[in-house]
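Asks: Generate coordinates for the entire structure from the input sequences, incorporating the hints supplied.
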Amino acid sequence: MLVFVIRRLLQAIPILIGVSLVVFGLVHLVPGNPIDMLMPPEASPEVIAQMKAAFGFDKPLYMQYLLWLSRAISGDFGLSIFNSTPVAGQLMDALTNTLKLAILAAILGFSAGIALGLIAGFNHNRWPDKIASVITTAGVSMPHYWCAIVMVLACAVLNDWLPAQGMGDDQDPFLDRLQYLVMPVVTLSFIPMGVVGRLVRATVLEILGREFPGALAAKGLTRWPILRHVCKNAAPPVLALMGLQFGYLLGGSILVETVFNWPGSGNLLNIAIFRRDIPVLQATILVLASFFVVLNLMVDILQAAIDPRLRR
Amino acid sequence: MATEAAVDVRNLTAMFRRREGDMAAVNGATFSLARGEVMTILGESGSGKSVTLKAMMGLLPDYASITGEVRVAGRDILKLPPAALAKARGGELSMIFQEPMAALDPVYTIGEQIAETIVKHEGITYASAMQRALALLERVAIPSAARRLKNYPHEMSGGMRQRAMIALALACNPTVLLADEPTTALDVTVQIQILLLLRELQQELGMSVIFVTHDVGVAAEISDRIAVMYAGRFVETGTVREIMRHPKHPYSKGLLNSTVLGGLRGRRLETIPGSPPSLSALPRGCAFSPRCAQADVRCLTTQPDETVLGPGTIVRCFHANTAMAEAI
Numbered sequence: 001m002l003v004f005v006i007r008r009l010l011q012a013i014p015i016l017i018g019v020s021l022v023v024f025g026l027v028h029l030v031p032g033n034p035i036d037m038l039m040p041p042e043a044s045p046e047v048i049a050q051m052k053a054a055f056g057f058d059k060p061l062y063m064q065y066l067l068w069l070s071r072a073i074s075g076d077f078g079l080s081i082f083n084s085t086p087v088a089g090q091l092m093d094a095l096t097n098t099l100k101l102a103i104l105a106a107i108l109g110f111s112a113g114i115a116l117g118l119i120a121g122f123n124h125n126r127w128p129d130k131i132a133s134v135i136t137t138a139g140v141s142m143p144h145y146w147c148a149i150v151m152v153l154a155c156a157v158l159n160d161w162l163p164a165q166g167m168g169d170d171q172d173p174f175l176d177r178l179q180y181l182v183m184p185v186v187t188l189s190f191i192p193m194g195v196v197g198r199l200v201r202a203t204v205l206e207i208l209g210r211e212f213p214g215a216l217a218a219k220g221l222t223r224w225p226i227l228r229h230v231c232k233n234a235a236p237p238v239l240a241l242m243g244l245q246f247g248y249l250l251g252g253s254i255l256v257e258t259v260f261n262w263p264g265s266g267n268l269l270n271i272a273i274f275r276r277d278i279p280v281l282q283a284t285i286l287v288l289a290s291f292f293v294v295l296n297l298m299v300d301i302l303q304a305a306i307d308p309r310l311r312r
Numbered sequence: 313m314a315t316e317a318a319v320d321v322r323n324l325t326a327m328f329r330r331r332e333g334d335m336a337a338v339n340g341a342t343f344s345l346a347r348g349e350v351m352t353i354l355g356e357s358g359s360g361k362s363v364t365l366k367a368m369m370g371l372l373p374d375y376a377s378i379t380g381e382v383r384v385a386g387r388d389i390l391k392l393p394p395a396a397l398a399k400a401r402g403g404e405l406s407m408i409f410q411e412p413m414a415a416l417d418p419v420y421t422i423g424e425q426i427a428e429t430i431v432k433h434e435g436i437t438y439a440s441a442m443q444r445a446l447a448l449l450e451r452v453a454i455p456s457a458a459r460r461l462k463n464y465p466h467e468m469s470g471g472m473r474q475r476a477m478i479a480l481a482l483a484c485n486p487t488v489l490l491a492d493e494p495t496t497a498l499d500v501t502v503q504i505q506i507l508l509l510l511r512e513l514q515q516e517l518g519m520s521v522i523f524v525t526h527d528v529g530v531a532a533e534i535s536d537r538i539a540v541m542y543a544g545r546f547v548e549t550g551t552v553r554e555i556m557r558h559p560k561h562p563y564s565k566g567l568l569n570s571t572v573l574g575g576l577r578g579r580r581l582e583t584i585p586g587s588p589p590s591l592s593a594l595p596r597g598c599a600f601s602p603r604c605a606q607a608d609v610r611c612l613t614t615q616p617d618e619t620v621l622g623p624g625t626i627v628r629c630f631h632a633n634t635a636m637a638e639a640i
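Protein chains in written order, with the numbering used here: chain A, 1 to 312; chain B, 313 to 640.
Derived from the structure by calculation, the hints contain no laboratory data. In this text the structure is predicted, and so the values were computed from the model without any measurement. Some hints could be false.
Unchecked claim - Restricting the straight-line Cα-Cα distance to at most 27 angstroms, the calculated cross-link-like pairs of lysine-lysine (BS3-like) are: (1) Lys-391(B) with Lys-232(A); (2) Lys-462(B) with Lys-232(A); (3) Lys-432(B) with Lys-462(B); (4) Lys-432(B) with Lys-391(B); (5) Lys-432(B) with Lys-399(B); (6) Lys-432(B) with Lys-232(A); (7) Lys-130(A) with Lys-232(A).
Claimed, not checked - Distance windows between CB atoms, simulated: (8) Gln-515(B) with Asn-123(A): 44 to 50 angstroms; (9) Val-3(A) with Arg-553(B): 56 to 62 angstroms; (10) Leu-310(A) with Thr-501(B): 52 to 58 angstroms; (11) Lys-130(A) with Asn-485(B): 41 to 47 angstroms; (12) Ser-357(B) with Val-3(A): 42 to 48 angstroms; (13) Arg-553(B) with Lys-130(A): 19 to 25 angstroms; (14) Ile-73(A) with Gln-443(B): 52 to 58 angstroms.
Each residue gets a CB set at the ideal place from its N, CA and C atoms; glycine is no exception.
Replies: See the structure below:
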């Protein structure tokens with residue numbers, strides 16, 4: 001197991017380097033030059049050259065990459081081209097905001113999905129299965145923004161139950177600020193709930209179709225201990241899916257963050273793309289991609305801890 | 313007689329409800345087994361022999377209904393409330409499966425799986441259950457048992473896994489052991505080792521064993537009595553000697569003549585023409601009649617009843633008497 005963990009950790013390094021190369025390269029492939037966007041059309045070539053030198057655009061590409069990477073590793077992502085504030089600060093704020101949503105939505109969506117999937121799987125083709133399947137199918141097929149808008153209409157416009165958007169003031173009491181979280185979190189939890197629920201159901205059915213659950217009953221185990229065995233067998237694929245889903249949640253949903261005016265990473269990415277704010281784009285993508293790699297690494301290790309056949 | 317029996321099965325029937333109609337995979341199986349006796353249920357695939365074992369433990373899916381009686385130590389297993397049923401399964405009534413790789417949970421170690429059963433049935437501490445598990449692995453002759461205790465099923469060879477499965481089944485000293493083709497998935501050399509081990513353990517522990525196989529040689533090797541099963545029914549039961557020497561049912565004869573054991577050296581092996589009928593579309597009369605050389609009008613239209621020839625010896629064939637006359 002230890003060998004497996006060390007090997008997986010080492011394998012993550014080239015992946016991270018690859019990610020950084022792609023992130024650096026992709027942004028340079030995007031049409032449009034940030035300096036041209038900033039400079040007035042009548043700016044003299046000397047001033048433009050000066051600006052390029054100030055942001056490091058005059059150096060050869062590989063030097064730009066190494067410089068950017070070494071600074072990025074130490075947490076310095078440079079200044080935003082648009083408003084000259086440090087990128088790291090903006091990114092931190094946006095990520096914390098998104099993280100709040102992502103963690104809560106993951107807890108809500110995963111637990112609801114697992115519960116629905118288990119209920120459906122253990123009551124195959126009976127009414128609890130049908131009800132659970134309707135809910136999970138709705139979860140994966142309803143468009144995010146539509147849910148968000150309907151919810152705003154129902155809870156904030158027609159009734160005055162919840163605030164429609166924003167995240168409240170820091171001075172507000174904790175419980176008041178919590179209200180702002182309800183609608184975005186619920187909206188974001190639908191998809192993880194649906195996909196996790198459907199996978200749990202399918203996995204449980206597949207496992208119950210094998211011989212060993214019957215053999216467990218034959219040795220005298222009752223419903224709950226058998227459920228425990230089935231859950232442990234079902235865990236690896238479900239964990240893999242949850243890792244991916246949490247990764248998507250961290251990326252922030254541009255649509256949901258826009259509807260609820262939530263200043264998260266989705267919002268930040270969206271704005272950075274329109275402003276050609278390359279340092280912000282690079283930093284955001286790099287950090288999110290690294291999160292993804294680390295998440296998958298954790299999932300891999302967890303899976304191997306649960307299923308010994310995966311330790312190869 | 314009835315009080316002595318370790319298992320007493322009366323009229324055991326397993327009905328599967330299907331969209332195409334009900335089908336009886338086991339149709340009125342009746343037999344009783346004394347303590348320490350070994351009975352083999354012999355039959356082709358699909359004859360209902362494995363379902364008989366599963367039905368005896370109440371282990372069929374919910375679209376199957378099981379009727380009849382399975383008395384073990386005087387109690388009807390099929391009428392026990394869930395908690396008592398769980399106690400009986402793996403307690404006095406235990407089972408070995410055909411494919412240990414499929415029947416063992418792949419993500420728990422062998423030791424964990426055996427200890428879990430002991431804790432469940434005897435309520436002792438996990439540590440002492442683990443000690444028992446070690447002793448059991450040693451009992452079934454698994455080399456370096458202490459290390460094997462920590463192995464997962466996929467880390468063992470087929471024969472080793474089947475030994476572990478046997479250790480698991482014996483964990484709580486069952487009085488009745490149900491063995492569902494335990495040697496079919498193994499190499500021939502390993503098969504004989506497992507058979508000898510089972511025979512030895514059976515004699516030492518005085519268990520009654522119901523052994524299911526399609527292999528006539530295995531049946532002859534291990535059992536005291538044989539029940540020949542065809543299309544969900546016992547067509548002939550008797551002692552190994554009787555059935556091997558003087559089979560009365562045409563199907564039993566065919567089965568014996570189609571194996572090297574029954575056939576004569578230098579002679580071509582015979583085959584039974586045709587294939588077993590589908591259980592959902594059984595012939596009106598004797599289920600074997602379409603394949604039987606002796607079948608007449610009566611066989612095609614009427615289901616033959618059991619003819620009791622002696623204690624524990626029955627045959628279900630209109631021509632059994634003529635067959636007996638031939639034999640004598």
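Asks: Determine for every hint whether it applies to the structure shown.
Replies: The hints, checked one at a time:
1. A hinted pair counts as satisfied when its Cα atoms are at most 27 angstroms apart, and Lys-391(B) with Lys-232(A) does not qualify at roughly 32 angstroms.
2. Our distance criterion of 27 angstroms between C-alpha atoms is met by Lys-462(B) and Lys-232(A), whose separation comes to about 18 angstroms.
3. Under the criterion of a C-alpha separation no larger than 27 angstroms, the hint pairing Lys-432(B) with Lys-462(B) is consistent with the structure, at around 20 angstroms.
4. The suggested pairing of Lys-432(B) with Lys-391(B) holds, with an alpha-carbon distance near 21 angstroms, which does not exceed 27 angstroms.
5. Among the hinted pairs, Lys-432(B) with Lys-399(B) is consistent with the structure: their alpha-carbon atoms are about 8 angstroms apart, no more than 27 angstroms.
6. A C-alpha spacing of about 19 angstroms is found between Lys-432(B) and Lys-232(A), which places the hinted pair at or below 27 angstroms, so the restraint holds.
7. With a C-alpha separation of about 24 angstroms, the suggested pairing of Lys-130(A) with Lys-232(A) holds against the 27 angstroms cut-off.
8. For the pair Gln-515(B) and Asn-123(A), the beta carbons lie near 45 angstroms from each other, so the given range of 44 to 50 angstroms is met.
9. The given range of 56 to 62 angstroms is respected by Val-3(A) and Arg-553(B), whose C-beta atoms sit roughly 59 angstroms from each other.
10. For the hinted restraint 52 to 58 angstroms between Leu-310(A) and Thr-501(B), the CB-CB distance of approximately 32 angstroms leaves it violated.
11. Distance hint check: the CB atoms of Lys-130(A) and Asn-485(B) are about 44 angstroms apart, consistent with the given range 41 to 47 angstroms.
12. Range check, Ser-357(B) to Val-3(A): about 44 angstroms between beta-carbon atoms, so the 42 to 48 angstroms window is met.
13. One distance hint, 19 to 25 angstroms for the beta-carbon pair Arg-553(B) and Lys-130(A), is violated here, with the actual separation near 57 angstroms.
14. Take Ile-73(A) and Gln-443(B): their Cβ atoms lie about 53 angstroms apart, and the range 52 to 58 angstroms holds.
When held up to the earlier numbered hints, the structure conflicts with 1, 10 and 13 and fits the remainder.
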